[in-house]
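Here the protein sequences line up with chains U and G, keeping their order. Following this note's numbering, the numbering of the first sequence begins with 1 at its first residue and continues without gaps. Following this note's numbering, the numbering of the second sequence begins with 91 at its first residue and continues without gaps.
A couple of the hints might just be wrong.
[To be verified] No farther apart than 20 Å at their CA atoms in a straight line, the calculated lysine to aspartate or glutamate pairs in the EDC-like style are these:
no., chain 1, residue 1, chain 2, residue 2
1, U, 52, G, 375
2, U, 52, G, 298
3, U, 52, G, 303
By construction, these hints were calculated from the structure, which means they are not laboratory data. It should be emphasised that the depicted structure is a prediction, and the values quoted were computed from it without experimental measurement.
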Amino acid sequence: MNRDEIQARLTEILATIAPEMEPATLDPMLDLREQLDIDSMDLLNFITAVHKRLGVNIPEADYPRLTSLAACVDYVVERRPSSRPKASFT
Amino acid sequence: MPSLGSDMEAGTLVEWQIKPGDVVHRGQIVAVVETVKGAIDVEIFEDGVVDELLVAPGTEVPVGTVLARIRSAQPGEVAAATVSEPQPSPARAAAPSVAAGAASEGAREARDRLKVSPAARRRATERGVDLAQLRGSGPDGAITVADVETAAAAALAPKPAEGRDLAAMRQAIAAAMAHAKREIPHYYLAMPVDMAPALTWLERRNADRPPEERLLPAILMVKAVAQATARFAEFNGFYRNGGFEPSAAAHVGMAIALRGGGLVAPALHDARDRDLDGLMQDFRDLVQRARSGHLRSSELADPTITVTSLGERGVEQVFPIIYPPQVAIVGFGAVTERPWAQEGHIVVRRALTASLAADHRVSDGHRGGLFLAAIAAALQQPELL
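Next up, chain U with everything else stripped away, as it sits in the complex:
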């Protein structure tokens, strides 16, 4: 899964949390919680879905890193199990 695919998957998850969001208007560089009015329950639901769907378990201590959508993509790329070997075949 490349960066674009990961960003698409994360955007899909965000759309279930903020259904009124229009993915095209989401700026990946801007503060995610502010853009989508995300509270702590929304954030926990997001992290739960990332764990279930992408297999990446984000510990609480790393929450501060998830500032923007781009930062979330970076995080998932870095932590995704066996993402490197797979990437070389796609």
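Given the coordinates of chain U, assemble chain G onto it according to the supplied hints.
Here is chain G on its own, set in the frame of chain U:
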């Protein structure tokens, strides 16, 4: 029609989930009712057999209207379901809505006849636009790419969740809060609470758990409030018919902000007796249903005290308004690092300001202060919550 909070005057019966002759059990969902708070699942209060359904789907009726008759488990006894006394005001029939089946059939037919350029059809699929809803501006009324783009842009405007009328909800909130400010002699107290012990404990506990098993700080706050009500009964219950009715159980209403505006404060039932994991599970479920619909009637009618945790939005202190007929509401502000004097030294601690609005007809500031202090004390020993 059950009263789902003091701000509700009427509701529209959307559907029955029972029919005459059905055996029903206490707590079973028997109907769906549309209110300003969205679609609510109505539970029945007792066991019995459905005798008669008195209100047809699509009808708006005032609170207190008998919706159905249930033959009680005891032979010969007939009880009115979901409500005890019928009100004299006649039922107003809501404007008949188009039958859903007919509407979708019409739409399908219309779609077959639509003139759409291939590019517009492709764009509509990409942007999730329903072509049947569009009026074309091209030759012979054909739908163009521009029409699709316009519709897609219109869809960007923030929309309230389905089935919720924001203006009506705002009116209902205003009515309840005006009533509270007019009738309830509020007093307000606040105190700082050292959150280091609770948050440190929580972080350690959450560290080796998958996300679905993690707790939010709000759960500790709810449990602390629920426990404190055991020793401070005058903050937990209803003020009704000129007197205070304390509640043995602590059903803690959770103020939940809704996307697009408005709020609801449904109950976490029996919060004192639930463990933290159970409360968290209930809370997740409650927030999800508060936002997507299908709160249960008991969740809206039962709260005996409310907790509002506005701190998440950054405010340091909340000055809450009591939700009648309750007699108290506890607010939690944002956790911030602040200077904290301790044993002759100044240290930096994570702390928040807890506040209480309570009803002077039932309690006074001295007891209110002790109640807040009991909540703060419970948060110093999170392992006991």
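Going through the hints against the structure:
For the suggested pair residue 52 (chain U) and residue 375 (chain G), the alpha carbons sit about 18 Å apart, so the restraint of at most 20 Å is met. Restraint check for residue 52 (chain U) and residue 298 (chain G): satisfied, since their Cα atoms lie roughly 16 Å apart, inside the 20 Å limit. Among the hinted pairs, residue 52 (chain U) with residue 303 (chain G) is consistent with the structure: their alpha-carbon atoms are about 13 Å apart, no more than 20 Å.
Checked against the numbered hints above, the structure breaks none of them.
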